[in-house]
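*Asks:* So you can see what is in the structure, the chains are spelled out below.
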Amino acid sequence: MCSRFPTKWPLWLALTLAAGCNNGSHVALPSNEPAEVGVIDSALDPGVGHSLVTTDARAAAYYNNAEAVNTGKRLFSQYNCSGCHSNGGGGMAPDLMDDVWIYGSRLEQIHQTLVDGRPNGMPAWGGKVPDQQLWALAAYVRSLSLPQTIAAETGNTPSQMPAPVPPEADQDAGWAPPPGTTNDYTSTIVGPSGPEVPADTVGPTNPRPVNAMGAN
Amino acid sequence: MRTAALLTLSLVPAAVFAQTVPAPVPENEVFKREDIGHALAAPTPQAGHTAASSANAPPDDGQWTMPSKNYASTRFSNLSEITVANVKTLTPDFSFSLAVNKGQEAAPIVADNTMYIVTAYPNIVYALDLTKPGAPLKWSFSPKPAPASQGIACCDVVNRGGTVDAGKYIFNTLDGQTIAVDVKTGRPVWRTQLGNINRGETMTMAPTVAQGRVYVGDSGGEMGVHGWIAALDENTGKLLWRGYSTGPDSEVLIGPDFKPHYAAEQGKDLGVSSWPPEAWKIGGGGAWGWVTFDAELNTLYEGVGNPGPWNQEQRPGDNKWTAGIFARDPATGSARWFYQMSPHDEHDYDGVNEQILLDMPFAGKMQKVLVHIDRDGYVYVIERRTGTVLSADPYGPVNSSRGIDLQTGRPILNPEKETKLGETVRNICPTASGAKDWNPSSFSPRTGLIYIPHENLCMDWMSEEVNYIAGTPYVGALVHMKPGPGGNRGELTAWDPVQRKPVWADKENFPVWSGTVATAGDVVFYGTMDGWFKAVNARTGELLWRYKVDSGIIGQPVSYKGPDGHQYIAVLSGVGGWSGAVVSGPVDPRDGSAALGMVNAMSDLPKYTTAGGTLYVFSLPH
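Protein chains in written order, with the working numbering: chain B, 1 to 216; chain A, 1 to 622.
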């Protein structure tokens with residue numbers, strides 16, 4: 001969850017956490033040059049297939065696992081997931097066949113979504129059903145948008161022959177600038193109140209108004 | 001390799017992957033109107049002129065204070081500045097962005113030169129000052145309903161509008177509140193929490209307000225709710241009574257006053273005994289559509305939704321009191337009669353559509369009738385003192401039944417189209433959303449015709465075992481919809497309730513999911529899901545004018561007199577609802593079973609419209 005913070009959090013807290021959370025990728029603090037303090041838009045990009053790395057050793061067993069996706073398919077119906085998500089196409093709840101992942105596409109992240117629920121109507125299943133069933137469901141959900149699963153579709157009810165999830169599907173180095181673009185981390189936003197204060201000196205006892213995280 | 005696959009997916013337009021729209025159901029699969037329509041007596045038009053009574057439809061004051069226009073629910077505007085001859089010059093006057101891109105089903109409400117609009121979730125209310133150029137915003141109110149309610153609403157996060165009465169604008173929120181706001185300030189006078197999303201209850205209907213009481217009901221027939229109607233005190237929001245749709249008579253508010261016409265509705269605690277043990281507690285029957293107050297007979301008519309789950313084999317019995325109409329005492333909720341259009345519903349034929357209250361010639365004399373245009377495909381003309389069906393005739397494609405037996409009141413089911421566990425029954429007409437859904441018709445006393453906006457869809461259905469898990473759907477059916485005979489998925493039909501037949505019909509490519517309004521200029525207005533707002537001749541159906549708006553229309557048009565004395569027509573754009581979820585929701589056109597099978601018939605809609613949400617107001621140049 002590095003670099004993803006609620007926009008209501010104070011900037012100092014976000015920056016402090018980010019500083020302690022460098023996963024070796026692109027997360028960087030604002031430069032002190034030029035003269036103004038700025039912020040960096042979150043590198044987490046909801047709505048695309050890649051996602052920042054989170055790991056859970058339990059996930060490994062559910063890759064390349066045909067039994068898991070088939071079990072997940074059965075549970076998807078038995079637990080009424082299909083009531084909202086249909087056969088992957090959605091309805092009351094989002095489409096799971098496309099490449100849009102609001103809360104991350106890795107099995108760990110889908111599992112976490114199942115455990116915790118999500119604010120726009122996704123129930124929390126953690127503690128309600130055995131955890132290995134949630135992992136099997138996560139594998140099935142991940143499988144719905146795999147090209148192999150979509151290619152196996154024949155008729156008007158997709159997701160009937162879910163492909164096992166290859167580990168490569170979730171191998172992702174995290175966000176990178178789209179090809180042909182540059183991402184200038186040194187760009188800054190002019191703060192509302194005068195000369196810069198180095199970011200790491202902004203603390204709870206010395207709050208100063210700065211632009212909020214993101215584009216606010 | 002993965003990157004390549006992703007790029008391919010994201011660069012190719014989704015429409016390429018959309019299924020093709022299925023072939024229409026053949027003409028010979030549905031029954032002929034003449035063969036299955038029935039009436040207790042032959043038409044006697046000479047016995048009088050069809051009209052609403054003055055108690056239920058008082059003289060038009062040029063306002064539009066409730067979605068149904070008046071208690072009779074005629075949705076008829078007596079304004080006549082806009083006519084068949086001049087409507088071709090109709091021009092947009094102003095527009096207003098609702099800032100919500102979900103299905104907009106509400107009627108703009110006009111009272112005291114102010115227009116009130118409630119949006120789809122998050123149910124923002126706007127008040128616009130019609131006395132000033134461009135109708136600037138007077139105030140807005142954000143009730144902030146619980147976000148989780150979005151995941152509990154079966155068929156998009158719609159709202160069917162509010163009502164102005166006694167200085168308050170009264171509306172419901174998706175998370176189950178009824179709220180009254182002061183029309184002057186936009187501040188809440190009261191807010192009452194009635195629904196519980198953890199039990200699958202949401203609220204999408206438009207309240208009915210009369211005699212100082214507010215009548216509201218819940219949605220959730222696909223979520224295993226224990227459906228109800230409630231009456232609140234208009235001044236305080238205090239709950240006065242609540243009548244459930246299923247369960248013991250004490251909960252349904254059935255007592256000594258209950259005198260149903262048909263034998264099948266007579267007996268004690270049928271709301272329990274017509275279900276498997278305990279099933280009535282999660283049996284659906286929401287009152288999510290129209291509740292009509294009859295000022296003349298001091299009676300409330302409540303349309304009741306479908307039983308749950310959709311898999312009918314899990315609920316043997318008549319499933320009282322779902323998929324029918326209650327007449328109730330407005331003060332106490334005490335039931336007077338009930339008529340069940342679909343006993344033991346097998347096809348999701350909710351009974352919630354509008355009830356139009358008319359005085360109509362039948363069997364040689366004028367009778368007080370309720371005209372109900374049901375999901376099951378029939379126009380019911382019901383004598384509204386007793387709940388006796390006088391006639392029932394199909395207005396859309398029907399093969400799920402072979403007519404209504406007027407001795408018993410029950411449909412004559414077609415065994416070939418009964419739904420079954422684990423077996424796909426094909427080409428059932430009408431489809432689950434009905435020959436017509438919630439979107440209301442209008443009636444013109446000038447033509448005597450009812451202008452029915454409706455669908456022409458059929459379906460394939462396979463029932464599945466389903467578990468009840470509170471807060472999740474309780475459906476149990478794999479449905480795939482398809483166009484009905486002819487392939488036009490929608491139609492506007494002008495129906496003569498006396499002669500029991502259509503006078504004209506305008507075909508539409510997509511289901512007509514908007515309401516209609518009829519005017520004294522003999523013009524009928526409606527909108528299409530591909531974004532045309534249309535005016536047609538009320539007597540012939542001839543298209544007179546059309547205007548392309550930003551998004552498909554599923555809202556309820558209205559007609560009002562502005563402060564300048566001129567006639568205005570207003571409508572919300574914003575496609576969505578069950579039929580438009582493939583555009584407004586995160587729904588994939590590749591899954592025909594998505595949105596309860598609607599996507600199978602609507603996968604091409606994204607090629608015609610995008611999501612939106614805008615108020616449009618039109619007038620003649622002046």
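Check each hint, because a few of them may be wrong.
Unchecked claim - Simulated DEER-style distance windows between Cβ atoms:
| # | chain 1 | residue 1 | chain 2 | residue 2 | range |
| --- | --- | --- | --- | --- | --- |
| 1 | B | D116 | A | S95 | 34 to 44 angstroms |
| 2 | A | T332 | B | D99 | 52 to 62 angstroms |
| 3 | B | T154 | A | G487 | 18 to 28 angstroms |
As the list claims (entries may be wrong) - Computed footprint of chain B on chain A, listed as stretches where at least three residues anywhere in the stretch have a Cβ under 8 angstroms from a Cβ of chain B:
| # | region |
| --- | --- |
| 4 | 394 to 405 |
| 5 | 467 to 481 |
| 6 | 574 to 586 |
Source of the hints: derived by calculation from the structure; they are not laboratory data.
Using N, Cα and C, we set each Cβ at its ideal position, and we do this for glycine too.
*Asks:* Checking against the hints above, which ones are violated?
*Replies:* Result: hint 4 breaks, nothing else.
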